[in-house]
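J.: These are the residues of each chain, in order.
There are 2 protein chains.
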Amino acid sequence: MVSVIILGSGNVAQHLIRAFSNADNVAVVQAYARHPEKLHHLLPEDKITDNINALAQADVYIISVSDNAIADVAAALPFKDRLVVHTSGSTGIDVLGTANRNGVFYPLQTFSSAKAVHFKEVPLCLETVRAEDMPALKSLAHSVSEKVYHITGAQRQALHVAAVFSCNFVNHLYGIGATVCEENNIPFNILKPLIQETAAKITTLSPTEAQTGPAVRKDTQTIQRHLDFIKDERLKEIYTLLTQSIQQTHE
Amino acid sequence: MVSVIILGSGNVAQHLIRAFSNADNVAVVQAYARHPEKLHHLLPEDKITDNINALAQADVYIISVSDNAIADVAAALPFKDRLVVHTSGSTGIDVLGTANRNGVFYPLQTFSSAKAVHFKEVPLCLETVRAEDMPALKSLAHSVSEKVYHITGAQRQALHVAAVFSCNFVNHLYGIGATVCEENNIPFNILKPLIQETAAKITTLSPTEAQTGPAVRKDTQTIQRHLDFIKDERLKEIYTLLTQSIQQTHE
Numbered sequence: 482m483v484s485v486i487i488l489g490s491g492n493v494a495q496h497l498i499r500a501f502s503n504a505d506n507v508a509v510v511q512a513y514a515r516h517p518e519k520l521h522h523l524l525p526e527d528k529i530t531d532n533i534n535a536l537a538q539a540d541v542y543i544i545s546v547s548d549n550a551i552a553d554v555a556a557a558l559p560f561k562d563r564l565v566v567h568t569s570g571s572t573g574i575d576v577l578g579t580a581n582r583n584g585v586f587y588p589l590q591t592f593s594s595a596k597a598v599h600f601k602e603v604p605l606c607l608e609t610v611r612a613e614d615m616p617a618l619k620s621l622a623h624s625v626s627e628k629v630y631h632i633t634g635a636q637r638q639a640l641h642v643a644a645v646f647s648c649n650f651v652n653h654l655y656g657i658g659a660t661v662c663e664e665n666n667i668p669f670n671i672l673k674p675l676i677q678e679t680a681a682k683i684t685t686l687s688p689t690e691a692q693t694g695p696a697v698r699k700d701t702q703t704i705q706r707h708l709d710f711i712k713d714e715r716l717k718e719i720y721t722l723l724t725q726s727i728q729q730t731h732e
Numbered sequence: 482m483v484s485v486i487i488l489g490s491g492n493v494a495q496h497l498i499r500a501f502s503n504a505d506n507v508a509v510v511q512a513y514a515r516h517p518e519k520l521h522h523l524l525p526e527d528k529i530t531d532n533i534n535a536l537a538q539a540d541v542y543i544i545s546v547s548d549n550a551i552a553d554v555a556a557a558l559p560f561k562d563r564l565v566v567h568t569s570g571s572t573g574i575d576v577l578g579t580a581n582r583n584g585v586f587y588p589l590q591t592f593s594s595a596k597a598v599h600f601k602e603v604p605l606c607l608e609t610v611r612a613e614d615m616p617a618l619k620s621l622a623h624s625v626s627e628k629v630y631h632i633t634g635a636q637r638q639a640l641h642v643a644a645v646f647s648c649n650f651v652n653h654l655y656g657i658g659a660t661v662c663e664e665n666n667i668p669f670n671i672l673k674p675l676i677q678e679t680a681a682k683i684t685t686l687s688p689t690e691a692q693t694g695p696a697v698r699k700d701t702q703t704i705q706r707h708l709d710f711i712k713d714e715r716l717k718e719i720y721t722l723l724t725q726s727i728q729q730t731h732e
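Protein chains in written order, with my numbering: chain A, 482 to 732; chain B, 482 to 732.
For the record, the hints were derived by calculation from the structure and aren't laboratory data. Nothing here was measured: the structure is a model prediction, and the numbers come from that model.
No distinction is drawn between identical chains; accordingly, a pair holds when it is met within one copy or between any pair of copies.
20 angstroms max Cα-Cα, derived SDA-like pairs, lysine to any residue:
#1 Lys673 - Val629
#2 Lys717 - Gln728
#3 Lys712 - Gln638
#4 Lys699 - Gln638
#5 Lys619 - Val507
#6 Lys628 - Asn665
#7 Lys601 - Ile671
#8 Lys717 - Gln729
#9 Lys673 - Leu607
#10 Lys712 - Leu722
#11 Lys717 - Gln636
#12 Lys601 - Val629
#13 Lys628 - Ala500
#14 Lys673 - Thr684
#15 Lys628 - Phe669
#16 Lys619 - Asn670
#17 Lys673 - Gln692
For reference, chain A alone in the conformation it holds in the complex (with noise of 0.2 angstroms):
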């Protein structure tokens, strides 16, 4: 049994106390969080607390707020020498200052209140700065999670922008397919078989296997013909610099 407290009300922090309080080897001791009400579909009252200083005893202590405010969370802590981890993609292990035995358990998911997610699928990443604190964390989400990676902070750093091409910036590009259909009068919703068998065929071939249209094919005559259709000028920058990036990997 691993006892866990989880700091912050967040969208993570609610999605980490549902996920702990299902799991069969894991304890919720606590949450703290400055709005505890945020928190009352979740937990007892008296399992929440507003009070720092009056956090209770456990193995491990999860701080799940936005980036900025997990340094200060992390130096108002009333303790020392315990498992503190926070659960950020893009922040170093080192703002959690240096009373603590620090970690990092990042959920590598996507998360949105509305929208409930099996958490037996999402990735954890998991950093400690002691070797000996790493049985403990893995323990912690093998208990909620098939899918368990131990991850530098360097890494992270890497699968942080790697996330930011393969889906921040891919969902601006069906912002983009969008746009395009709404401004010649074509339902956006035509796109979106094709959008989700794109999505479905990387999970059985490479991306470079998967490749397909104009560029690939160096089909100079669409590629020309894409370019004169598109008025807008970022467009055509994006259209461009994309086709070539692909043309080049595939040299």
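Chain B: place on chain A using the hints.
T.: Just chain B, lined up with the frame of chain A:
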């Protein structure tokens, strides 16, 4: 009952033959292929011809060959005034010539020979030169798919551009994510749940609502850290351009 003849033996032609053969109200009268053996697993031998002058009578002739070959196949047809359509997203209807009544039957999906497709979910984009030819084409389309759209030639061009952004370019960004992972000894698998969730999100949210990440948050510190991290000049350029584009879109 609509009778149909398929000309071609590639991926799209094969998926069409399979879908029409399974449909209640369609008779696949014949297929034409320069290499008939490519279709032996789909049709009895006496229904396959490699002689374009031996084509039988049918309500609709579907030319499903590579874009560059459509005009030649259409010009070689030994009849006139019949309904002849092609299946290309990026080819004008006019390449079909003037001897026959022309149309387009464009399935907007990425077809691989190795992967089955739920044809009922494939959007079919229809165009005909003469309005009176649309009902027959629509009836044929509805017999295999629930998603049938009347799309003009200009709209089809726009749709093809939108698909390049939302699918071909998206796959390239998956590839960049995979490369960044690989260079840092991170399994690309770790990103896949997030990639799937990003695609799933836009089935219920608009891409504008679904946008997350440092660009839309205007998190200049994280953006700068990412640009410092990226060494490859081409990736830096893509990162910068797409970050600017997100910020302009969400101004």
